[in-house]
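Peer 1: Each chain, letter by letter, is given below.
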Amino acid sequence: MTKEHANWSPYDNNGGTCVAIAGADYCVIAADTRMSTGYSILTRDYSKICKLADKSFMASSGFQADVKALQKVLSSRHLIYQHQHNKQMSCPAMAQLLSNTLYYKRFFPYYAFNVLGGLDSEGKGCVFTYDAVGSYERVGYSAQGSGATLITPFLDNQLKSPSPLLLPAKDAVTPLSEAEAVDLVKTCFSSATERDIYTGDSVEIIILNANGVRRESEQLRKD
Amino acid sequence: MRSTTTGSNIGSQVILLFKKSLSHTFNLLSVKSNALTICSTLLDQKVKIMKFDFSGLESSAPLYGLNNELLSDGFSAAPSFDLPVTSDFDDFQKNSIQMVKPAKGTTTLAFIFKDGVMVAADSRASMGGYISSQSVKKIIEINPYMLGTMAGGAADCQFWHRNLGIKCRLHELANKRRISVTGASKLLANILYSYRGMGLSVGTMIAGWDEKGPGLYYVDSEGGRLKGTKFSVGSGSPYAYGVLDSGYKYDLTIDEAAELARRAIYHATFRDGASGGVASVYHVGPNGWTKLSGDDVGELHYSYYPVEPATVEHEMTEAVVA
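Which chain is which? The protein sequence lines are Z and D, in order.
Start counting the first sequence at 1; every next residue gets the next number (the working numbering).
Start counting the second sequence at 1001; every next residue gets the next number (the working numbering).
Be a bit skeptical, because a hint or two may be false.
[Stated by the list, open to error] Here are the simulated DSS-like cross-link-like pairs (lysine-lysine), alpha carbons at most 30 Å apart as the crow flies: (1) Lys1212/D with Lys1176/D; (2) Lys1137/D with Lys105/Z; (3) Lys1167/D with Lys105/Z; (4) Lys1137/D with Lys170/Z; (5) Lys124/Z with Lys1137/D; (6) Lys1137/D with Lys160/Z; (7) Lys124/Z with Lys72/Z; (8) Lys1186/D with Lys105/Z; (9) Lys160/Z with Lys186/Z.
[Claimed, not checked] What follows is a set of in silico ranges between Cβ atoms, one per label pair, in the way DEER data are often shown: (10) Asn1190/D with Glu4/Z: 33 to 39 Å; (11) His5/Z with Pro1286/D: 52 to 58 Å; (12) Ser76/Z with Ile1166/D: 39 to 45 Å; (13) Lys3/Z with Ile1166/D: 35 to 41 Å; (14) Leu42/Z with Ala1174/D: 30 to 36 Å; (15) Lys3/Z with Arg1196/D: 18 to 24 Å; (16) Ala24/Z with Ser1303/D: 27 to 33 Å; (17) Gly1223/D with Gln96/Z: 23 to 29 Å; (18) Tyr1305/D with Ser190/Z: 39 to 45 Å; (19) Ser1303/D with Trp8/Z: 54 to 60 Å; (20) Lys1291/D with Gln84/Z: 30 to 36 Å.
[Claimed, not checked] Here are a few chain D residues that face chain Z, going by a calculated C-beta distance under 8 Å: (21) Ser1123; (22) Tyr1130; (23) Gln1134; (24) Ser1135; (25) Val1136; (26) Lys1137; (27) Gln1158; (28) Arg1196; (29) Met1198; (30) Ser1201; (31) Gly1277; (32) Ser1280; (33) Ser1293; (34) Gly1294; (35) Asp1296.
Please keep in mind that the hints were generated in silico from the structure rather than gathered at the bench.
Bear in mind the structure is a predicted one, so any value in this text is a computation, not a measurement.
Here a beta-carbon is modelled for each residue, glycine too, at the ideal position from N, C-alpha and C.
Throw the hints in and build the complete structure from the sequences for me.
Peer 2: So, in structure tokens, the structure goes:
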């Protein structure tokens, strides 16, 4: 008896690419602003980056409805944490919260590919990368989304950081300066736009450092 | 991404998951837990009326009853595909299921020797043919004297090992003594057994040192739990077993055992495409675990097999241009 498969899927892929790079005292989080469905573009001006805490920003690609729901859940959990502990959540704590939130829907996952970027309690940049069901690890840089397979090999070449598993331990954050890292991110997105149909229009870049948050925007090809 | 479960199954699974793992860890849900327990008791009743899966018992041969009448009611439905012409049909079914089952792309190993337990793993995570990460922590520190290895679904292993660590700590607080490796592995095995058939993919080894000395158990998402002295899990395990079995002695020193473990992981990463990255080696002794080494397997290759400069027989000289 063959099982009949549903003709309707609860998921849709809205495309897009997200990148984050951790530096010695800064963190760069970037995402393109194109939202598509199938071969159509829904909008050229959609932000995929969400501020979860003062020092934690999350960029997510995939199904934006699930991303929106996930952002709401995390923001409300953070608010409760602030009420209970009288302080903001640190980035590593937010990272584990995101992992647990994703795993609680293990049997009907959030179709969201996330990258969490921020500063840890020592002020060093940290980037956490996730899969759809919540497995996560702290890395020096990461790309997720439709253009990830194009961007990651380029970042491996430019930024190859020693694995955090090596003993004796070597620092995972990149030695690049903040300006160089922002420039690298812009290069990543212009290259990915050339070869990925779901990436383009413009890239929104958030730069987080000890002085606060800065936002930059760069136009990309709109075709 | 297609969701292959129906709406009602999703609901009951999600709520079961909530009930099992959430309500004692987050006080946020204490307000809602009353509502949840009501929902879950209703669902428990629903779950008790289980639909049994008879598909394995159906046969294509016609069934005859007591008085030689043909039993052709709903129990013996005609199969919807042509059965293969084979003399041993049960074996064929088992083999075809094995072919489709994805082998867990990794190599992890652990063995007991006179000075404790040696645990080692690679660090590659693959999504189909794409390497999604070369730096995954596959040896999970449950608590300072117990380690778990990761094979199968990364999120499943990470989450349930973290959950196991919480349960072990609660045991310590409730009983004023550390939990044994036997107890910890049983806790994990029981949880995984209750999720059997739902698609979790976990192939883990729990290694630790308790009052009875070194302990090593293999636990998987099918619900299996085995006590043993030597295990290797993952797609690279046949290669690791080869090296491990040929070099193993109970009386190895810590350094020799570490080198054996490292070598076994290196050889598995050499031959298995789904394994690679960094070979980590941990030792569990009477005072807890220590990380002994983490070496990139590419560099290990050249340290084990250094490149000799090739002898040149005829050296070509540049032609002089007049």
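Peer 1: Confirm or reject each hint.
Peer 2: Hint-by-hint comparison with the structure:
Note on lysine 1212/D and lysine 1176/D: the hinted pairing holds, with a Cα-Cα distance of about 17 Å set against a maximum of 30 Å. Note on lysine 1137/D and lysine 105/Z: the hinted pairing holds, with a Cα-Cα distance of about 23 Å set against a maximum of 30 Å. Under the criterion of a C-alpha separation no larger than 30 Å, the hint pairing lysine 1167/D with lysine 105/Z is consistent with the structure, at around 21 Å. Between lysine 1137/D and lysine 170/Z the CA atoms are separated by roughly 15 Å; this keeps the pair inside 30 Å, and the hint holds.
For the suggested pair lysine 124/Z and lysine 1137/D, the alpha carbons sit about 21 Å apart, so the restraint of at most 30 Å is met. Only pairs whose Cα atoms come within 30 Å are accepted, and lysine 1137/D paired with lysine 160/Z is accepted, the gap being roughly 18 Å. Of the pairs offered as hints, the one joining lysine 124/Z and lysine 72/Z holds, with about 27 Å between alpha carbons and a cut-off of 30 Å not exceeded. At most 30 Å may separate the alpha-carbon atoms for a hinted pair to count; lysine 1186/D and lysine 105/Z meet this at roughly 25 Å.
For a cut-off of 30 Å, the pair hint linking lysine 160/Z to lysine 186/Z stands: about 18 Å separates their Cα positions. As the Cβ distance of asparagine 1190/D to glutamate 4/Z is approximately 35 Å, the hint placing it in 33 to 39 Å holds. Hint check: histidine 5/Z to proline 1286/D, Cβ distance near 55 Å, so the stated range 52 to 58 Å holds. A hinted range of 39 to 45 Å is violated for the C-beta pair serine 76/Z and isoleucine 1166/D, which are about 23 Å apart.
Judged by the Cβ atoms, the range 35 to 41 Å given for lysine 3/Z and isoleucine 1166/D holds: they are separated by roughly 37 Å. Between leucine 42/Z and alanine 1174/D, the C-beta spacing of about 53 Å breaks the proposed range 30 to 36 Å. A hinted range of 18 to 24 Å for the beta carbons of lysine 3/Z and arginine 1196/D is consistent with their spacing of about 20 Å. A C-beta distance of roughly 31 Å is found between alanine 24/Z and serine 1303/D, which places it inside the suggested range of 27 to 33 Å.
About 28 Å separates the C-beta atoms of glycine 1223/D and glutamine 96/Z, a value consistent with the hinted range of 23 to 29 Å. Range check, tyrosine 1305/D to serine 190/Z: about 42 Å between beta-carbon atoms, so the 39 to 45 Å window is met. In this structure the supplied range 54 to 60 Å holds for serine 1303/D paired with tryptophan 8/Z, their Cβ-Cβ distance being about 56 Å. Take lysine 1291/D and glutamine 84/Z: their Cβ atoms lie about 35 Å apart, and the range 30 to 36 Å holds.
For serine 1123/D, the interface hint holds, since its Cβ comes within 8 Å of a Cβ in chain Z; the closest pair sits about 5 Å apart. The criterion of a C-beta within 8 Å of any C-beta in chain Z is met by tyrosine 1130/D, whose closest approach is roughly 6 Å, and the hint holds. At a threshold of 8 Å, the smallest CB-CB gap from glutamine 1134/D to chain Z is about 7 Å, leaving the interface hint in force. For serine 1135/D, the interface hint holds, since its Cβ comes within 8 Å of a Cβ in chain Z; the closest pair sits about 4 Å apart.
Here the hint on valine 1136/D is kept, as its CB sits about 6 Å from the closest CB of chain Z, short of 8 Å. The restraint placing lysine 1137/D at the interface with chain Z holds, with a minimum CB-CB distance near 6 Å, inside the 8 Å limit. Using the Cβ-Cβ criterion of 8 Å, the hint placing glutamine 1158/D at the interface with chain Z is satisfied: the shortest such distance is roughly 5 Å. For arginine 1196/D, the shortest C-beta to C-beta distance to chain Z is roughly 13 Å, which exceeds 8 Å, and the interface hint is violated.
With 8 Å as the threshold, the beta carbon of methionine 1198/D comes within range of chain Z, its nearest partner Cβ sitting at about 6 Å, so the hint holds. Interface hint at serine 1201/D: violated, since its Cβ lies 11 Å from the closest Cβ of chain Z, which is beyond the 8 Å cut-off. About 7 Å separates the beta-carbon of glycine 1277/D from the nearest beta-carbon of chain Z, less than 8 Å, and the hint is met. The restraint placing serine 1280/D at the interface with chain Z holds, with a minimum CB-CB distance near 5 Å, inside the 8 Å limit.
The interface hint given for serine 1293/D holds, since its Cβ lies 5 Å from the closest Cβ of chain Z, which is under the 8 Å cut-off. Restraint check, glycine 1294/D versus chain Z: the minimum CB separation of about 4 Å is within 8 Å; hint holds. Evaluation of the aspartate 1296/D hint against chain Z yields a held restraint, the C-beta minimum of about 7 Å falling below 8 Å.
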